[in-house]
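Enquirer: Just so you know, the protein sequences line up as chains A and B, in that order.
Residues in the first sequence are numbered from 38 upward in steps of one, following this note's numbering.
Residues in the second sequence are numbered from 561 upward in steps of one, following this note's numbering.
Misleading hints may appear alongside valid ones.
Capping the alpha-carbon separation at 30 Å, the derived lysine-lysine pairs in BS3-like fashion look like this [said to hold, decoys possible]: (1) K790/B x K485/A; (2) K306/A x K485/A; (3) K790/B x K306/A.
Pulled a few chain A residues facing chain B out of the computed Cβ check, cut under 7 Å [stated by the list, open to error]: (4) S93; (5) R95; (6) A270; (7) R271; (8) S275; (9) T386; (10) V434; (11) F435; (12) E450; (13) R453; (14) G508.
If you are wondering where the hints come from, they were derived from the structure by calculation, not from laboratory data.
The C-beta atom is built at its ideal place from N, Cα and C for all residues, glycine as well.
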Amino acid sequence: MAAAEMTAAPLVDLDVVDATLRAALDAGGEWAELFAEDRESAGVVFDEGRVEEMNSGRDRGVGIRVTAGEVTGYAHTSDLSARGLADAARTAAAVATRQPRGGTMDMTSLGRVALAEPRVAVLPASIGAERKVALLRAADDAARSAHEAVTQVTARYGESRRRIMVANTHGVCAADDQVRTLFSVGCVASGDGGLQTGRETVGYTVGWELFDDHDPAELAERAAQRAVTKLAARPAPSGEVPVVIARGGGGVLFHEACGHGLEADLVRKGASVFAGRVGSQVAASGVSLVDDGTMGPEWGALAIDDEGHPTQRNELISDGILTDYMWDWLRSRDEGRVPSGNGRRQSYTHLPMVRMTNTFVTNGDIDPADIIADTPWGVYVAHLGGGQVNTATGDFVFGMTESYLIEDGVITEPLREGNLIGNGPQVLLDIDALGNDFAMGSPGTCGKDGQGVPVGDGQPTLRVRALTVGGTAA
Amino acid sequence: MSERRQYDTDELAQLARQVCEHAQGSEQIEVCVSTGRSTTVRAYRGDVESLRSGHSAAIGVRVISHGRQGFASAGSLDADVVADTLAAARSNVKFGEPDPHQALAEPDDVAPPGLDLSDPAVLSVPDADKIAAAIDLERRCLSADPRISGVRVAAWSDGWSQSALASSTGICVQSEHGSCSVGAQPLATDGDETQIGYAGDAARRPDELDIDRVVAESTSQATGQLGATKPPSERVTVVLAPPVAAAFIGVVASVLAADSVLKGRSPFADRVGEQIADERLHVVDDPTDPTTLGAANFDGEGLAARRNELISAGVLSGFLHNAYTARRSDTVSTGSAVRGTRSVPGVGTHAPVVATGNIAADKLYASVGDGVLVRGVSGLHSGVNPTSGDFSVGAWGHRIAGGQLAEPFREATIASTLQRMLLGICGIGATAEPLAGGMSMPPLVIADVALSGV
């Protein structure tokens, strides 16, 4: 049914696309691109045992990008009339006319908007609101029933549908229909030592079928348990400690430790510690890192990137050796290579840049139980929060939202929250055990230069010889 | 898809009022509409890297009926979109669940501060001047120190926005304002080592931008970190440099918002009137000071913005309220509703200010003896839990030894809890240093914080 609903009607009439791009070249552009976006979103917030808010939003607009040499002009508008788009094209071209290049049009593919295969079984918008509320209420009930210490529960449901169309004067003309569905539940538990929190989130590039595989009540019980467990948590250690990261819980480590540093825009400006290191050993042998936008229903999956190029599986580190960076159109043009499908933007108001999609470390061959048993003392991180990296130095932090002490090869007491800090290049070399239990983690939003895009990450259970744990205990 | 219409703020207010007039019976409608335009220029290697500009429009409609709330928004003011948005908000309200305190703000008798914030100076800056400003910023960073090897970002941005908010309870306010900003991320290199700095400024008028400070701060951050090493783990006295102090106070202010208090998510619930911080600490939220970009005549529900005391001599004065949290707490709104056009009003600060203390700038390090100066933090979103108060962030800066600023450190964390850090404040600088957007902040000295490194 969804295939029929996800029509291939272009967001902007092809005659108007043609006229707009011609206007950009006529005004002095060397190359021009039209990016059109139509985004619908809806959400329900369930807090304090009731539906607090139901919301919905709609956005339509176009961004016109014009380049001449190294200069890029960009204009965005929500006025989708032919005249509005022509005005935007001339505005975008204005900065480029400082050095007019006289571009040529290859519009041979303009009549064939390639719509990616639909991957959505049931559009969330086709489901009645009462069913969404029922899931939230079930989560609230489950969390509150899970433990008497649970004092507050927030459950959120969100859906989005983003239709995009990209056409440029080098013959790209493609469209995609991206549907994502998200469910999260957060609990507060209250005890003698104060308040603690636990959260669980699932989100995939799928429709309502998300709930065929994920039971909100089970997620709520896990979130509740996480909060309650932390009531008894002791302060985390302070200083360098061996750290075991549970499968799926720590992909953000690689997103921060090296993912951003492998983005070609940062590499090109010398703002990455990985600049000039292709072919060198940058990670322990056995460690392979992949960015894969084609990866099934994962949160960062896309059929095409926001420059109209198909996403693909890109191996970045192979058995410890740096093999490639990630590329958008602009940076790959300068290097005379094809884009890797990593040109993304938050919305039609933004310029695209190099971004990750689903970034993960592939399996090793060790039983995860053996990794823990082989650790005399350390920290076991079951669940990581967000992170941040300084790409110039490679120093990165990430939050541990659920962690435990490892003593004599056994997971023991829960630890309070904190950040871990490490240096990306060093941490990659310090991975001394890689499990065989690969899993993807929770959906994330990656922020870069003020733009947020959905990303996925994953890894098998692994151990880093030493990371600095930002706790308060001696 | 009609062609774009230009609105002035009177017309926006009229549009918002017209939608509110659709309210039927006991239904309440609140409409926020806005238009804006913006330009961002980035320079690289002495030329324009990119120039991005655009127009935007938005509407947010909130409907409350019998204590149920629905909200819808859209990125256009076309007549059909406006009608669809009202219909969507009404549809959404059907699934809300009643809360007896849920209602729109009613006009109160508090007069707005009457600030003139609509300086049109940014509107008259030609693109060529914006380009020149970005290129000049890059050039000045490069020439500030021979170790500056490049500038990842040198940018100019400006924007102008007009908005109106009306409600069926009789509120109708409008505003118009512009701003401009610059930001730089210079790289410093020494051998194989590269460090990056960042600084920016924002102002209502181009001639109020402090470019000298942006160049000096961003380049000294980058060069100052060259040679930095990982420090030993120990409990130390930390000096939070003004930008870090501002981030810390921002976190503290967020847990003093009544919505997190009412929902049992604030560690400071039930503590009004109690000593929650050292007696040297005084914090107010002051949107009535027109010199800051946080200045406002109205809050996000159209009530007068006002000065609110949060912490006085270390004692918690009270919480910040919007209309909903006030009604639920049997008090009045503090004019602290914060929102974008496209979201329902939350509760937050406009422009938090910390009163200066008595440590002269030239005595700051001597007053500490041994400790660390934290010039920057990372992971504020991942390492601070505003419900439990656990605080652990990545930190970099300089060591303080024998009362003097000493070698730089990096790859470390500082950790404590918000509760302990507030009580652990043991000094506040006598001089508030300028921050972006006309804000200023003195350095804060906090004792007994865990520094984690080697």
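Enquirer: It remains to establish, for every hint, whether it holds in the given structure.
Expert: Verification of the supplied hints:
1. Annotation: proposed proximity of K790/B to K485/A holds, straight-line Cα distance about 26 Å (limit 30 Å).
2. The suggested pairing of K306/A with K485/A holds, with an alpha-carbon distance near 15 Å, which does not exceed 30 Å.
3. This hinted pair checks out: K790/B and K306/A have alpha carbons roughly 26 Å apart, not beyond 30 Å.
4. Because the beta carbon of S93/A sits about 5 Å from the nearest beta carbon in chain B, less than 7 Å, this interface hint is met.
5. Taken as an interface hint, R95/A checks out: its beta carbon lies about 4 Å from the nearest beta carbon of chain B, inside 7 Å.
6. Using the Cβ-Cβ criterion of 7 Å, the hint placing A270/A at the interface with chain B is not satisfied: the shortest such distance is roughly 9 Å.
7. With 7 Å as the threshold, the beta carbon of R271/A stays out of range of chain B, its nearest partner Cβ sitting at about 12 Å, so the hint is violated.
8. With a least beta-carbon distance of about 4 Å to chain B, the hint placing S275/A at the interface is held under the 7 Å criterion.
9. The closest approach between the C-beta of T386/A and any C-beta of chain B is roughly 6 Å, which is under the 7 Å cut-off, so the hint is satisfied.
10. For V434/A, the interface hint holds, the least distance from its beta-carbon to any beta-carbon of chain B being 4 Å, beneath 7 Å.
11. The beta carbon of F435/A comes within 6 Å of a beta carbon in chain B, closer than 7 Å, and the hint placing it at the interface holds.
12. The interface hint given for E450/A is violated, since its Cβ lies 16 Å from the closest Cβ of chain B, which is over the 7 Å cut-off.
13. Using the Cβ-Cβ criterion of 7 Å, the hint placing R453/A at the interface with chain B is satisfied: the shortest such distance is roughly 5 Å.
14. About 6 Å separates the beta-carbon of G508/A from the nearest beta-carbon of chain B, less than 7 Å, and the hint is met.
Checked against the numbered hints given earlier, the structure breaks hints 6, 7 and 12 and satisfies all the rest.
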